[in-house]
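Enquirer: Residue numbers (the UniProt record's numbering), protein chains in the order written: chain A, 1 to 101; chain B, 1 to 101; chain C, 1 to 101; chain D, 1 to 101; chain E, 1 to 101; chain F, 1 to 101; chain G, 1 to 101.
Please keep in mind that the hints were generated in silico from the structure rather than gathered at the bench.
Positions of the beta carbon are idealized from the N, C-alpha and C atoms, including for glycine.
Some hints here could point you the wrong way.
What the hints assert, rightly or not - Computed footprint of chain G on chain A; a stretch qualifies when at least three of its residues, placed anywhere within it, have a C-beta under 8 angstroms from a C-beta of chain G:
#1 26 to 35
#2 39 to 52
#3 68 to 76
#4 79 to 91
To be verified - Below, computed lysine-lysine pairings styled on DSS-like, alpha-carbon distance capped at 30 angstroms:
#5 G/LYS45 <-> A/LYS3
#6 A/LYS85 <-> G/LYS45
#7 B/LYS3 <-> A/LYS45
#8 D/LYS45 <-> E/LYS45
#9 F/LYS45 <-> E/LYS45
#10 D/LYS3 <-> E/LYS85
#11 G/LYS3 <-> F/LYS3
#12 A/LYS45 <-> B/LYS85
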Amino acid sequence: MGKGIRLLVLDVLKPHQPLVTELALGLSELEGVDGVNITLVEIDKETENVKVTIVGDNLNYEEIVRTIEEFGGVVHSIDMVAAGKRIIEEGETPQDKLEEY
Amino acid sequence: MGKGIRLLVLDVLKPHQPLVTELALGLSELEGVDGVNITLVEIDKETENVKVTIVGDNLNYEEIVRTIEEFGGVVHSIDMVAAGKRIIEEGETPQDKLEEY
Amino acid sequence: MGKGIRLLVLDVLKPHQPLVTELALGLSELEGVDGVNITLVEIDKETENVKVTIVGDNLNYEEIVRTIEEFGGVVHSIDMVAAGKRIIEEGETPQDKLEEY
Amino acid sequence: MGKGIRLLVLDVLKPHQPLVTELALGLSELEGVDGVNITLVEIDKETENVKVTIVGDNLNYEEIVRTIEEFGGVVHSIDMVAAGKRIIEEGETPQDKLEEY
Amino acid sequence: MGKGIRLLVLDVLKPHQPLVTELALGLSELEGVDGVNITLVEIDKETENVKVTIVGDNLNYEEIVRTIEEFGGVVHSIDMVAAGKRIIEEGETPQDKLEEY
Amino acid sequence: MGKGIRLLVLDVLKPHQPLVTELALGLSELEGVDGVNITLVEIDKETENVKVTIVGDNLNYEEIVRTIEEFGGVVHSIDMVAAGKRIIEEGETPQDKLEEY
Amino acid sequence: MGKGIRLLVLDVLKPHQPLVTELALGLSELEGVDGVNITLVEIDKETENVKVTIVGDNLNYEEIVRTIEEFGGVVHSIDMVAAGKRIIEEGETPQDKLEEY
């Protein structure tokens, strides 16, 4: 069983260089990180908007932000966070289905 | 097998500070909590609307509300609650599918 | 293997007080109930429309209705019921998919 | 391994009384029935249109129709039937996806 | 491990009598058939359009067509066939998703 | 663990005769083939457009094309191919969801 | 448990020759590759736009790009990358659902 922060989904804006592959490697080597997924949401001339999902145990949010900034990125928002012994998914309710339309 | 309240999904309005990561940690350390998921639904200049999903055993609703309020948040509604030996999902019926449109 | 009524999904209209958490606890303590899920469908000034899903063994429908009424609620309709040795899901057929549109 | 009719999905029109809970119990006690699911599709002043899903082994279609009629119901159509050693689902093909729109 | 034809999905037009339950039973008793699913797609005054899904080992297509014809039905098209050691599903590709709209 | 080509999804145009059942049998008997799925996408007076999914180990693409041609078919495009020790699915990214609309 | 880059999804533009089957084989034989999936997204007179998904352990991005270029292809973008001990999927949040419309 884990503790502390177990999952983070961050909305990040970054320059094209360094590549997302290098950012993913950098984040994956931080203390407590099991895995990192970086997904391209939008790309334009200068920058790319990516979604960074990080899963692990007792994740250190400040250290993660520092690493993203070292790679030239900026965290726009924390779209999801999970904490505690187990990683809990968002409970889907009718409110969500109605809000989709 | 558990008892009492096993799952809560709350619609919460909170200021940007403290961060959702701190609220998630605070809630995850309460008695009976297995895990917490906080998902960003909407964000504007002053506040952010988040969905807080909490899973555990014999959860104490009043204590959870107090903790959210200590972090500056307000519970707008209880979108879902599950109680009893097993955590039951919402039974999806044709009524739901029709209401989505 | 169970018998009798194994699952009920009820469309219920209730006042804001007492809270759905108390109704969920009340229902979860009835004979034969394994778990209760109450999901908020719609909320307005005076009342809230909720969907109550109850799973268990040899559930007593009349006792469940009485309990809901003790918490000030009214059962509008039985949206789904399952009975017998096994809990069977609704068989989805092309008719359903066409009726969604 | 079973044999004969293993699953039936019936489109049924019934009066409000007796309740679907009683019909579900009645059907669940028939020879070879493992489980019954009755889902409300549409309700109006006098009657309610329900979908009755029955799963079991060597189900007796005539006996099932008789029971539904004893509860005041009428079988409008057989929406799905499965027979044989194993319960087979409908094979979804591109034709179905196109017909949905 | 099986061989030959392992799955067939047939688009069939049949009269209302005999019932689909009898056709399902008839097909389920053929050599190599594990299970049959007959799903109602459309029904009008004289006839009903059904989808017949048959799963088994070394299925005999001609014998299946003969049986359907003995029950008054006509095979309009073979919507899907699977053959070989394992039953393979249709590989979903972006082409399919685009064709749905 | 396998090697070489493990999965092929081909867009094929073929005459009505010979039937897809015969083509499926023909392909299923080729070296390294575990299973074949042929799904009808579109049918008109002279020809039928089918999707052929083949799964196996070290599949021989040229031999598969030859076989399809022997049955009167033409391969329009290779919609998907998977190769290597494991059969990998297409990684779904936000780009795909946006392209669907 | 793996390390380094574990999954890549690349948007690639390539000429019709050599075939995607040959590119898939070429990529599948690289160091650390478990499996490759190439899916056709769009095809026109001269070129084809494909999505290349590669899964493995400690994947070498530069070597993969070189191989794609040897087959005449160009990498337009890195749509997804996963790194670390475990392959993490993209965390789906309400933001994604809203962005789909």
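Enquirer: Are the hints correct? Go through all of them and say.
Expert: Now the hints, each set against the structure:
no.: 1; hint: 26 to 35; in the structure: holds (count 5)
no.: 2; hint: 39 to 52; in the structure: holds (count 5)
no.: 3; hint: 68 to 76; in the structure: violated (count 0)
no.: 4; hint: 79 to 91; in the structure: holds (count 3)
no.: 5; hint: G/LYS45 <-> A/LYS3; in the structure: 55 angstroms, violated
no.: 6; hint: A/LYS85 <-> G/LYS45; in the structure: 55 angstroms, violated
no.: 7; hint: B/LYS3 <-> A/LYS45; in the structure: 55 angstroms, violated
no.: 8; hint: D/LYS45 <-> E/LYS45; in the structure: 27 angstroms, holds
no.: 9; hint: F/LYS45 <-> E/LYS45; in the structure: 27 angstroms, holds
no.: 10; hint: D/LYS3 <-> E/LYS85; in the structure: 24 angstroms, holds
no.: 11; hint: G/LYS3 <-> F/LYS3; in the structure: 23 angstroms, holds
no.: 12; hint: A/LYS45 <-> B/LYS85; in the structure: 55 angstroms, violated
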